[in-house]
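From the two separate chains plus the hints, produce the assembled complex.
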Amino acid sequence: MKTRYSFGGDEHIFVEMDEEMSLDAFFKSLSMTNAVRAAQIDGVTEICPSNASFQVKFDPDKIAPDDMLAELKTLETVAESAERRLNTRIIEVPVFYQDPWTHETLMRFRERHQDPNGTDLDYAARINGFDSAAEFITAHHSSPWFVSMVGFVAGLPFLYQLVERARQLEVPKYLRPRTDTPKQTVGYGGCFSCIYSVRGAGGYQMFGITPMTIYDPTQTTSYLRDFLVFFNPGDIVKWKPIDREEYDSILADVESNRYEPLVKDVEFDLTAFNADIDGYNAKLMEALHGV
Amino acid sequence: MAFKVLNPGLFTTVQDLGRPGYFHLGIPISGAMDRFALRAANLLVGNDEGAAALESVFMGPQLEFEVDATVAVTGADMPARVDGEAKPGWTAFRVRAGQVLTFDYLKGGARIYIAISGGVDTPPSLDSRSTYPIGALGGVEGRPLAIGDIVPLGKGAGAKEGRSVPENLRRLPGSPVELRVLPGLYWRLITEEAGRNFFGDEWTVAPEADRMGYRFRGGRPIQFEERKQPFGAGSDPSNIVDGCYPYGSIQVPGGTEPIVLHRDAVSGGGYFTLGAVISADMDLIGQLQPHTPTRFVKVDMKTALTARHDRQSLLGKMRTSLS
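Protein chains in written order, with the numbering used here: chain A, 1 to 291; chain B, 1 to 323.
Derived from the structure by calculation, the hints contain no laboratory data.
One should not assume that every hint holds.
Said to hold, decoys possible - Chain A regions said to be covered by chain B (calculated; three or more residues, Cβ under 8 Å): (1) 45–56; (2) 131–144; (3) 188–196.
Just so you know, even glycine gets a beta-carbon here, dropped at the ideal spot from N, CA and C.
Next comes chain B alone, as it looks inside the complex (with noise of 0.2 Å):
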C-alpha cells in the first residue's frame, strides 16, 4: 500500500501535528503550518486528525496511487485532477489504483494539504512523521519528497466520497492581512516611536518565507534606545546574549527586517525579539504568500486567549460536520 511520486512540486513534506518535547536540544516541533487545514483533510477521509499527510507549497506535486483510498484536499486553493478529472477542494474524494493526482496552478493561500485513507505511514521518529529536513528527521529519510520516491500507507477503512467541510469553516487569508501581537520579551529595547511605526506601518511578506520563519518588509527601521551593550550579547543594538525563541516571537536582525518563527524555529538565538504573534494566528501564516499585504495588530492576552477559544470552536464546529 503505497503511492509514488511521480513529481515532487517544489517542496512537499509529510507532516503530522509535530515533535514536542524536544525544543531544549534544538529540535523544533515542526508538523502542519495550517493544522486546522491538516486536521480537516485528515477527518475527511477518515483518519485520525492527527495522522500524517502531504504539505505541499506553492505546487502541487504528481502522485501514483497503487492502491484504491480515499483522498482529500485542503488549504491552498489549488484544484486537483485525477486523470485529468478536477475535484473540489475541502471534500473527500476516491483515487483508483493506477490513477494519478495531479494539481492545477495556485490561486489563492500557499499550502495544501493532501490527506490519504489510512495516513502517510513513513517511520516515526522521536514519535512524530513530520519531516524536519535540517536535522534530516521524519518524513522520507529526513527530506521532501523527490522522484520516484515510494512512500507507504496505513491501513485505513476510508471514509466514502463526497464528505465536505462546510464553506464557511474553510479558512484563508484576506487582504491586507491582520496578524495579532502580544508584545513582550524585548519590546523595551526599541524606542516608543519604533513600536508606533512596527504597527502602524504596512508590511509585505518577503521571498525569504519557509517553515523556519516568514521575513516581512517593507516598513520603516526599527530605532533602539540607548544603552552599554551587555557582556556577551555583542555589538549591534539588535544583539543579545543568545536565549531561546517562542515559536511566532518576531525577531529584527539590524532592525530591519522582521522575521516570524514558525513550526521549524531555530531555538534560540542572539536577536532581540519584541513580541509573539499569537498562538490562534499562526495557521494563518503557513497560507501567506511572498509579497501579500501584512499589518501587525496588538492585542493583550485577553484577546488573545479570546482568540485561541474562538479558533478551538471552530474547530469543534469542523468536528461536528464531519462527525
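Here chain A stands alone, though its shape is the one from the complex (with noise of 0.2 Å):
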C-alpha cells in the first residue's frame, strides 16, 4: 500500500491509501478519518471515508491547502500506529432473492445488460463460476460484509465481504446504467454489495430486495427516529434470505413502525481475522445471534 494525496480543487484533499480494494486499505482510511475527525481542525467542513480511500473538505481562507495536507500527512503516522480494532456493531439485514420487482425491472432494462438472454443473478453465477443461481445467493449470504462506505446517494452503504480475495465475488456493472431500480434493490459491482436507499438511476447488478428501510427523511419508521440515515462505514452486515411470505410480513412491520431490525454491539479486530477468517466469521456470528 502506498498513500498517494492530491488536491480536489481548492477546497478538497483525496487521500488514496491504495488503489485496489482490501480490508487492510478500508481500515486504514477509516482510522485516518477518525484521527481526523479527533483532531478538530479549524476549518474543515467534511470527512468522508469511503473504500480505499477518503476525502476532506476545508474552508482554505481559514486552513492554508499546504498545511492541511501537512496536517493529515502527520496524522498518517498516528493512525499507522493504531491498533486494528474497531467498535462497532453487527447487523442482520433480511433479502428476499430473485424478487418480482427487481425481476421486473431488469427486464426492462435488458439491452443495457451484458446479457440480454439471462437475468443478472445467473450472469453473476456463470462468470464467477458457480452452476447455478442458487449456489451464488448462498456464497452471497453465507459471510459477512463491512460497509466500506456510505453514499453515492442519501445514506446509500457500500459493502465488501469478509472472505480472503480468492473467495470474493466480482461482478461487472451494466454496460450503461438504468434509469430505475427499486428502492432496498440489493445490487452488485465490482466486488461491492450495496442497497439502493432510495429509488432512482444506478448501474449495479440486482440479485433481491430487502424490506427494512434503511434511509428515512421523515424520521418515523421506528428504528430511525434519532438519525433518518440507518449505516454508518464500519458496520457488519449479514444477510438473511427470506421469502415471499418472511418479505410481507417484515414489510407490514416496517410500515406500521414495529420492525427491529437485530443489531448487536461487537469488536472487530483485523490481525485475529486475518490469522482465522472462516474461525472469526462464525464468532461475529454467534455475537448477532447470542449462542
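Shown next as C-alpha cells:
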C-alpha cells in the first residue's frame, strides 16, 4: 500500500490508501478519518471515508491547502500505529433474492446488460464459476460484510465481503446505467454489494430486495427516529435470505413502525480476522445470534 | 404570511446556502447553485444573505402573494412583472397582497433567484431549507414547487424598494465560457495527449445539466495509459475502486463526456476524476445553458486561491453597496 495525496480543487484533499480494494486499505482509511475527526482541525467541514480512500473538505480561508496537507500527513503516522481494532455493530439484513420487483426492472433494461437473454443473477453466477444462481446466492449471504462506504446518494451503503480475495465475488456494472432501480434493491458491482436507499438510476447488477427501510427523511420508521440514515461506515452486515411470506410480514412491521432490526455491538479485530477468517466469522455470527 | 404557486415554472426549488456536514452519508450540501446571486437577492430585500429563497431554472414561476413584501430577482436575465408591470433585475421592488409575480422568457444565464422579505420559511431539515429532491429533504416536502403549494414566509421588515446592485458587480457568463480547473485526483490515468486535448478542445454544455452535475460534449475522447485494472475497480479503464467525489470534480465515464459535479453531487462512485473546477468558478456553472461553448483552463493552486479572493472581494463590494 502506498498512500497518495491529491488536492481536489482548492477545497478538498483526496487521500488514496491503495489503488485496489482490501480490508487493510479500508481499515487504514477508517482510522485516518477517525484521527482527522479527533484532531478537530479548524476549517474542516466534511470528513468522508470511502472504500480504499477518503476525502476531507476544508475552507482554504481558515487553513491554507499546504497546511491542511501537512496535518493529514502527520495524522497518517498516528493512524499507522493505531491498533487495527474497531468497536462497531453487526446487523442482520433480510433479503428476498430473485424478487418480482427487481426482476421486472432488470427485464425492462435488458438491452443495457452484458447478457440480454438471462437475468443478472444467472450472469453473475456463471462468470464467478457457480453452477446455479442458488449457489451464487449462498456465497453472497454465507459470510458477513463490512460497510466500507456510505454515499453515492443519501444513506446508500457499499459493502465488502469478509472473505479472502480468492472467495470474493466480482461482477461488472451494467454496460449502460439504468434510469430506474427499485428502492432497497440489493445490488452488486465490482467487488461491492450495495443497498439502494432510494429509487433511482443505478448501474449495479440487481439480486434481490430488502423490506428494511434504510433511509427515512420523515424519521417516522421505528429505528430511524433519532437519525434518518441507518448505516455508518464500519458497520458489519449479515444477509438473511427470506421468502415472499417473510418479506411481506417484515414489510408490514416496518410500515407500521413495529420492526426492530437485529443489531448487536461487536468488536472487530483485523489481525485476529486475518489469522482465521472462517473461525472469526463464526464468532461474529455467535455475537449476532447470542449463542 | 405566504405566497401561492399558480405555476411552478420548469423546476423551482427552495434553496439557501446549503447543508454542510453530511456528505459522508451521501447527503450533499445542496443550496443555491449561484451563491453570489442568492446572497445579492437576500441583501436587496433586507434578509440575512443566507436566507432561503427560490431558485428557478430556464423558466420563472407564477406566484400570488398573500401579503405585502419586498422582492428581488437576481442571477439570470429573466425580466419579472408584477400584475403585468415590468420590474428591473438585481433591484428591490414591492409586491402587494393579491398581486401576481410572473416572468418573461429567459434572455441570458440559466437560474434566477427570487428573494422575498422575511425569507421562505419552510421547515428546515438538518439545519437547512435547501431542497434535495433525491433524498426528499428540505423545501416543500423535499420536492420542487408544484401548482397550488402555499409556501410560508418568515417575518421581515422588508427593505425599501429601489435598492439595486450596481451593474459592474452583477455576474453572468461570457462566451465562450472559461472554467478554471486544478488538475489532480486521477489525472495520472490519462495520456499526456489526452490531457492536452482536454484543455485544448472546445466543449459545449450537454442537455443533461442539472443541480447534480453538468455534462459537456464535443471534445475528443480521453485516452488512458495502459495499466492492469486494480482489484475491485471494474474492467473499464475509466473505472476506479469507488471513492469520494469532490464538489466541482470532473469525471469522464468511458472517456467520452466530462461531468462536473455541482451542489447536489453524488458523494462518490467508480469513475476516475481528472481534477476539479476551482471554487471561484462554481457559481458560474449554475448560469450555463445547454449548448454554451466552454473551455477548461488549467490553473495551479496559487491562481485558484487568488481567484477565490477576487471573488470574495467582489462579494465584499456588493455587501458594501447594499449596506
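These are the hints, each one checked on the structure:
1. Check result for the stretch 45–56 of chain A against chain B: holds, 11 residues qualifying (beta carbon to beta carbon below 8 Å, three or more required).
2. Here's how the stretch 131–144 of chain A fares: 0 of its residues keep a CB closer than 8 Å to some CB of chain B, so the rule of at least three is not met and the hint is violated.
3. Chain B is given as covering the stretch 188–196 of chain A, and this holds because 4 residues of the stretch bring a CB closer than 8 Å to a CB of that chain, at least three being needed.
Hint violations for this structure: number 2 only, all remaining hints satisfied.
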